[in-house]
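> Which chain is which? The protein sequence lines are D and S, in order. Numbering-wise (our numbering), the first sequence opens with residue 290 and increments by one. Numbering-wise (our numbering), the second sequence opens with residue 17 and increments by one.
What the hints contain is simulated information worked out from the structure, not anything from laboratory work. Mixed in with the good hints there might be a few duds.
Per label pair, the in silico range of CB-to-CB distance [what the hints assert, rightly or not]:
1) G77(S) / V360(D): 27 to 35 Å
2) I349(D) / K82(S): 29 to 37 Å
3) Q41(S) / W377(D): 33 to 41 Å
4) W377(D) / G60(S): 23 to 31 Å
5) E67(S) / R356(D): 31 to 39 Å
6) I30(S) / E362(D): 19 to 27 Å
This one's a predicted model, so the numbers in the text were calculated from it and none came from an experiment. From the three backbone atoms N, C-alpha and C, an ideal C-beta is built for every residue, glycine too.
In case you want the letters, here they are:
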Amino acid sequence: MSFEEKSVWVEFVSYFIGLGGYLIVAGRMLSNGVSALPPYVPVFAVAVVFIVAVNIVGHIVAAATSRSDEVDERDRLIGWRAESGSSWILGFGVIGAITALIFSVGSVWVAHLLLISLFVSEVTKNVLQIVYYRRGI
Amino acid sequence: MARSRVSIRNQIRILRFRHGEMTQQQLADQVGVTRQTVNAIEGGKYSPSLEVAFRIAHVFGEPLEKVFQFVDAEPGRRG
Numbered sequence: 290m291s292f293e294e295k296s297v298w299v300e301f302v303s304y305f306i307g308l309g310g311y312l313i314v315a316g317r318m319l320s321n322g323v324s325a326l327p328p329y330v331p332v333f334a335v336a337v338v339f340i341v342a343v344n345i346v347g348h349i350v351a352a353a354t355s356r357s358d359e360v361d362e363r364d365r366l367i368g369w370r371a372e373s374g375s376s377w378i379l380g381f382g383v384i385g386a387i388t389a390l391i392f393s394v395g396s397v398w399v400a401h402l403l404l405i406s407l408f409v410s411e412v413t414k415n416v417l418q419i420v421y422y423r424r425g426i
Numbered sequence: 017m018a019r020s021r022v023s024i025r026n027q028i029r030i031l032r033f034r035h036g037e038m039t040q041q042q043l044a045d046q047v048g049v050t051r052q053t054v055n056a057i058e059g060g061k062y063s064p065s066l067e068v069a070f071r072i073a074h075v076f077g078e079p080l081e082k083v084f085q086f087v088d089a090e091p092g093r094r095g
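Construct all of the structure, not just a fragment, from the sequences and the given hints.
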């Protein structure tokens, strides 16, 4: 497995656990009627720190267990295709958030709509990259 | 309009064997790609750019068409 593929796995795990975990906690808070944004900030900060920490440790391990950390044309093509196959999800989320603001939906819902679309977009990108690495492109 | 299924076959494995059992890593180092990319090209999982294809042919000292062959999956189809 190349460094780039290991890097994709690290990103996938960090986003899936970090941002996914945050969204589960935030979902419970929303269902309990927490409608102001400030209580969510420390939870989100913990998720961001977790994501950064997993990425740092994961990339150190990936670099230590890989022969080279060079990126070649196949890595770039896989990255571009995965990006083009997933970026529309974030785009829809942004349009949805703008629409929600027009209809005066609460800021806590708008913020989480953006976070969910970011989460789904990133995880989809990582899954597409892994599929392209494994099955070919 | 239906898109034709095409694939590019290659003789990299045979050529590596004929060139002193060159490893994928040695070929990758000379071409400037990762070993995993050479493995993907060899296994038909990735069609390289023209530049990389020429570099591979250059390493083996063979013309491009001796290394890569275009195969149309619909042989009965006419232009």
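> The structure should be examined with respect to each hint, and the outcome stated for every one.
Verification of the hints:
1. G77(S) / V360(D): 27 to 35 Å: holds, 28 Å
2. I349(D) / K82(S): 29 to 37 Å: violated, 43 Å
3. Q41(S) / W377(D): 33 to 41 Å: holds, 38 Å
4. W377(D) / G60(S): 23 to 31 Å: With a Cβ separation near 30 Å, W377(D) and G60(S) satisfy 23 to 31 Å, so the hint holds.
5. E67(S) / R356(D): 31 to 39 Å: violated, 23 Å
6. I30(S) / E362(D): 19 to 27 Å: Cβ of I30(S) to Cβ of E362(D): about 24 Å, so the range 19 to 27 Å holds.
Hints 2 and 5, counting from the list given before, are not met by this structure.
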